[in-house]
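The lines below spell out each chain.
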Amino acid sequence: MEPTSAAGGAGEEQLDNQPGNSSQKGAHKHGHELEEEQEELAEHQPLEQEDLNFEKWKRKPLPKRTLYQTIASVKTYLWNAETKEFMGRTGKSWSLILLFYSVLYLFLAAMFGGCMCCLMWSISPYHPTFNDRVMPPGMTMAPHLDAHEIVFNASDRKSWKKYARSMDEYLKPYNDGVQERKNIHCSQEKYFMQDHLEETLERKACQFKRSWLGECSGLQDPHYGYSLGKPCVFLRMNRILGYLPGQGKAINVTCGVKKGNPEALGEVEFFPKSLFDLKYYPYYGKLRHVNYSAPVVAVRFAGVQYDAHIYVKCKLNGKGIINDSPTDRYLGAVSFTLDIGA
Amino acid sequence: MFEMDGDGKGKKSKKEKKKERLEGMKKEMDIDDHEITIEELEMRYDTSIKKGLTSSFASQVLERDGPNALRPPKGTPEYVKFARQLAGGLQCLMWVAASICFIAFGIELARGNLASFDNLYLAITLISVVVVTGCFGYYQEFKSTNIIASFKNLVPQQALVIRDGQKNQINAVDLVVGDLVEIKGGDGVPADIRIIFAQGCKVDNSSLTGESEPQSKTPECTHENPLETRNIAFFSTTCLEGVANGIVINTGDRTIIGRIASLASGVGNEKTPIAIEIEHFVDIIASLAIAFGFTFFVVAMFIGYEFLEAMIFFMAIVVAYVPEGLLATVTVCLSLTAKRLARKNCVVKNLEAVETLGSTSVICSDKTGTLTQNRMTVAHLWFDNHVHAADTTEDQSGQSFDQSSETWRALARIAGLCNRAVFRPDQEGLPVPRRLVVGDASETALLKFTELTIGNIMVYRDRFNKVVEVPFNSTNKFQLSVHELEDPMDLRYLLVMKGAPERILERCSTILIKGQELSMDEHLKESFQTAQMDLGGLGERVLGFCYVYLNEKEFPRGYKFDSDEMNFTTSDLCFAGLISMIDPPRATVPDAVMKCRTAGIRVVMVTGDHPITARAIAANVGIISEGSETVEDIAIRKRIPVEQVNKSDARACVINGGQLKDMSSEDLDEALRSHPEMVFARTSPQQKLIIVESCQRLGSIVAVTGDGVNDSPALKKADIGIAMGIAGSDAAKNAADMILLDDNFASIVTGVEQGRLIFDNLKKSIAYTLTKNIPELTPYLIYITVSVPLPLGCITILFIELATDIYPSVSLAYEKAESDIMNLKPRNPRRDRLVNEALAAYSYFQIGAIQSFAGFTDYFSAMAQEGWYPLMCVGLRAHWENVHLQDMQDSYGQEWTFGQRLYQQYTCYTVFFVSIEICQISDVLIRKTRRLSVFQQGFFRNKVLVSAIVFQLLLGNLLCYCPGMPNIFNFMPIRVQWWFIPVPYGILIFVYDEIRKLGVRRNPGSWWDKELYY
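Chains as they are written, first to last, in the working numbering: chain E, 4 to 345; chain R, 476 to 1489.
One or more hints might be untrue.
Claimed, not checked - Cross-link-like lysine-lysine pairs, in silico, DSS-like; alpha carbons within 25 Å at most: (1) Lys87(E) <-> Lys1485(R); (2) Lys642(R) <-> Lys95(E); (3) Lys1485(R) <-> Lys95(E); (4) Lys193(E) <-> Lys322(E).
Claimed, not checked - Simulated restraints, written as ranges between beta carbons of each label pair: (5) Leu70(E) <-> Asp1137(R): 37 to 47 Å; (6) Lys95(E) <-> Arg1306(R): 20 to 30 Å; (7) Thr79(E) <-> Arg1306(R): 15 to 25 Å; (8) Thr330(E) <-> Phe1426(R): 30 to 40 Å; (9) Gly779(R) <-> Ser158(E): 34 to 44 Å; (10) Lys95(E) <-> Lys1136(R): 47 to 57 Å; (11) Leu70(E) <-> Pro1438(R): 20 to 30 Å; (12) Arg1172(R) <-> Thr79(E): 40 to 50 Å; (13) Asp1307(R) <-> Thr330(E): 50 to 60 Å; (14) Glu172(E) <-> Ile778(R): 27 to 37 Å; (15) Pro552(R) <-> Thr79(E): 36 to 46 Å; (16) Thr79(E) <-> Leu1407(R): 32 to 42 Å.
Think of the hints as simulated: they come from the structure by calculation, not from any bench. Note that this is a predicted model, so its numbers are computed, not measured. C-beta atoms are modelled at their ideal positions from N, C-alpha and C, and glycine is treated no differently.
Here chain E stands alone, though its shape is the one from the complex (with noise of 0.2 Å):
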């Protein structure tokens, strides 16, 4: 291996000896003088058992600043009356930075807003651009349940009456009187079409009367059957604009238990009748068909087998309908337990 140092031993005390020599010039004598005292001083120094103390050499840590100091810092960043700054700008930067943003954000605005008119343009207040995302149709029921159950005791007048001021509430706008006088009486068994009429005009709607519910419209029995232990449900599909159900074919309902045993649900009645009856199709948005009454569907559980826990579940079937979404468990279907007490 070459040696690390440049200066082996012969050269070094070569040039020691310059000096020496007498015919030097003044100006380099001089230089040669200065460089003899630097070779003694520069003798060589051991490493001394300080140096090898490496912590000595870290850097030091900045000194903490006391809370008192920090809190007059930020003082000074709020306020310094110096240079009459609050937060590090003075009054004309602040009013120009302001300035200049209220200009952006203005600007920004106008282009946000300019944008949601051309949105609003662009889009009619009848029919909705697209309708993929409320389709297929989902199902309700009434009455409005909070925790997927009815439960009561048919001679308990108040574990029911919720459920019944809940039905009463939603039959309300069934009531004949209201329908007679709104809308329309139908007949036909088919979509009841009204295109060809002018986009603006207000459609016409088909007639559903309460009283078409039988036992459960709550003309006869106030209480629904529920004082009888035959509680009535109300099961409505929800309305999808220019949604035409089951493609000529009326949708209808079907009742059955979940899981379990299947006799235990006894006899389950319909009212009017297990379809939802075309005429009611196609809906045309509150704008246009303001009165529009979507069709119900009355169950009756006639013959519930009492103190049990029964997993009920109500399905639309027909073209199009999904009722076994495993995400949605309102998509095309509603489902519910029974436990009725005598």
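Using the hints, position chain R against chain E.
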């Protein structure tokens, strides 16, 4: 733990502990092996100075003491390193967010609401994000430490050991205490050795003490300090010449160098500037996130949300506001640059050091090996009354001098014969300058020089049979040898001599000029003096050469020459010429120093060498520029005493160790301030530290180069320590942040350039990354305050942060510099922050705001087209999120189940996501430049960036349209037209930024420039 107490008692015990440790260290250093007699030594180690150890005993000791190797410094345990990656500032925030999710999920579960697993998914995602980024960071760290580990696999050192009375060549690793070893010139000393026999043994201790002078080793104890005494040779030093025998007294980590190395490794690394920058920035982000989150938590509680919901808002805001991908981006950018640097022979140990190099404003460079080639080379010759320049280039590509003169032949013959250096065997294939030589530096230089000029010198020497030789000693200051002549008929002997020019001249009466022997007259002496002074002034080591043919009658064949008596003619010789040598600067260095100068970096030379040599090299490479004068130069020119010179007139200054010793730190600061060109000569390792400290006091970011163990404190102290890969000791490499594989100063300049580029590019990258935090945050703010259905989900945010936007932000690291960054001053670490106010304000409140508007435009469009008018959305939240509401009416009277609304909400997430993506494409394009127009920079020049945009779009499409996404990651297949709604905003971003850049370019220094240039 003591910091916790804070009381007097705690402090005291801390001090005591420290003192104890120091004492302990001192005790360890107490070696008396050099003071005891050899008999005692034999007793102590159960050995014999004749037969050495027995093999069986040696293996026992080896088992007891372990191998004779420096154990790599004990690093932090791996699990601690990993844990550290998981416990950063941002990571902690993420842990908090994840635990909030868990709590929320737990409460929901306890309430029996099994419907929403969202919180659980989110918590798991958050944790995996932390873990994955942690693994990534850990892997990066692991890889960079591995690079270092590879340095340790050097060729195993061999040692000649005598065991059972027999000489064996064994691996130095297997040496044990008590072994009898033999070392000779050229060997490394394999352990700490007490010398018991030595013959002309000289050892280069520079790796230990930094002294460049070889020290002779003798069996006598000359000093009580083990470091000073002559009878101990230390591990890792090199034996230059001679032979020696000795007993091993310490092995492995117990050697002096082992102790120093372990001490140096114990010193924790300082935080690099970029680490400080990022920490500073992370602190701000984290506190802003918490402040924001807390404010909205309070607001939410005030508005009347449940505690749990408010907590979830808090968590969501934290997730939205924290740039999760930032740390990964920064690490990747830095490691890309580190890789690029490694290709250029700079290995970066500490990733962040890459950037530090960019902000360096002072380089304290060693001379030997870094600026110079680290080999003595013949630079000038003086013969025939003329100075001739020799070729000093590394590859012998330079011009040579006229070799036709008879005098040259005589001079070359002396140089070739009067030389004890020899090439190591088996190196015929290597070019001459690279061959290894046994011998001291000047003899080596002469050997190589003659080999190059007159051919195979070994054969040449054989032709002139050597009869006697007087080696160099300090009293004579010359070296001579007597040879038989090549021509067998010529029975004269030839005496050749070389040595200190004056001593040689004294012995000469004639001088060879153009092949003719002329008598030495005053005129010739004068010109000899001038030549010698001139060469000496260049910092070169000058040797004189002379010869004489010995009288055949006086010294017939077989005459007994005696080297001690010197019973032969040694005066009235014939002077042949002078040869001067220097360790020449590397070819690339002057250019590199010039580049540093234009880049505003000061190069300070700190060397242990002689001031004149140091100055000459400094002038040669441009550290002292042409026309710069020192105080002394001015004094000589003006013919006034040094004291009267105005110090500020002198640009250059050469300070030597002796002067430095007498200077106070203020004096040194003043000197560094007033003289831009500084050379420190004859400095000790301690002084190197003082110089570094002084530079740092003046506010500079200091890079220090070094190779010896003694340099390791300075390397630690420096903001960036640069060790030499070839000449550097392990201790220096351990202490350094960066290693120059080729020991070349020019590589540092490359490093600086890359460092500056990465700073600029990191700025762009961070600006890009930060921008999207605003469009991620605003959905929540609007959601909480205006109660619209949630426009953007947490998981979607994580996808933006960690999937689609990572590649584009990394691609900005490949961006070319906008201008010649090496013409700018180094950044001021206090003023030019990585993330400054302008950057944050521009990204957050301008580009980020535009992106938010884009997102909301797209969101409201998607809602309106599906049946929910914008105004209806306001205040919709409570009903929208009601799980029991299955027939919620939209603007058209259509009834929606909860599940349908949820999918609609996911559609909104996706639409918002797409808007951010489209705007981010525009964003990455504008971030290519900070000042120039993108058209000037070129759209497609950064190929990586183009592919990143393509990647981003493809990934976006995959997320949207891959089946199964809705239920796993809440992405819905959205309608094609929703991709185009944010496009106008993207164009706006681009145009707006071009206007900004135009303003910045046109009106430098204006209000516009100050507020909008980041």
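Verification of the hints:
no. : hint                                 : verdict
1   : Lys87(E) <-> Lys1485(R)              : holds, 19 Å
2   : Lys642(R) <-> Lys95(E)               : violated, 89 Å
3   : Lys1485(R) <-> Lys95(E)              : holds, 14 Å
4   : Lys193(E) <-> Lys322(E)              : holds, 16 Å
5   : Leu70(E) <-> Asp1137(R): 37 to 47 Å  : holds, 44 Å
6   : Lys95(E) <-> Arg1306(R): 20 to 30 Å  : holds, 22 Å
7   : Thr79(E) <-> Arg1306(R): 15 to 25 Å  : holds, 18 Å
8   : Thr330(E) <-> Phe1426(R): 30 to 40 Å : holds, 31 Å
9   : Gly779(R) <-> Ser158(E): 34 to 44 Å  : holds, 41 Å
10  : Lys95(E) <-> Lys1136(R): 47 to 57 Å  : holds, 55 Å
11  : Leu70(E) <-> Pro1438(R): 20 to 30 Å  : violated, 59 Å
12  : Arg1172(R) <-> Thr79(E): 40 to 50 Å  : violated, 26 Å
13  : Asp1307(R) <-> Thr330(E): 50 to 60 Å : holds, 54 Å
14  : Glu172(E) <-> Ile778(R): 27 to 37 Å  : holds, 30 Å
15  : Pro552(R) <-> Thr79(E): 36 to 46 Å   : holds, 45 Å
16  : Thr79(E) <-> Leu1407(R): 32 to 42 Å  : holds, 38 Å
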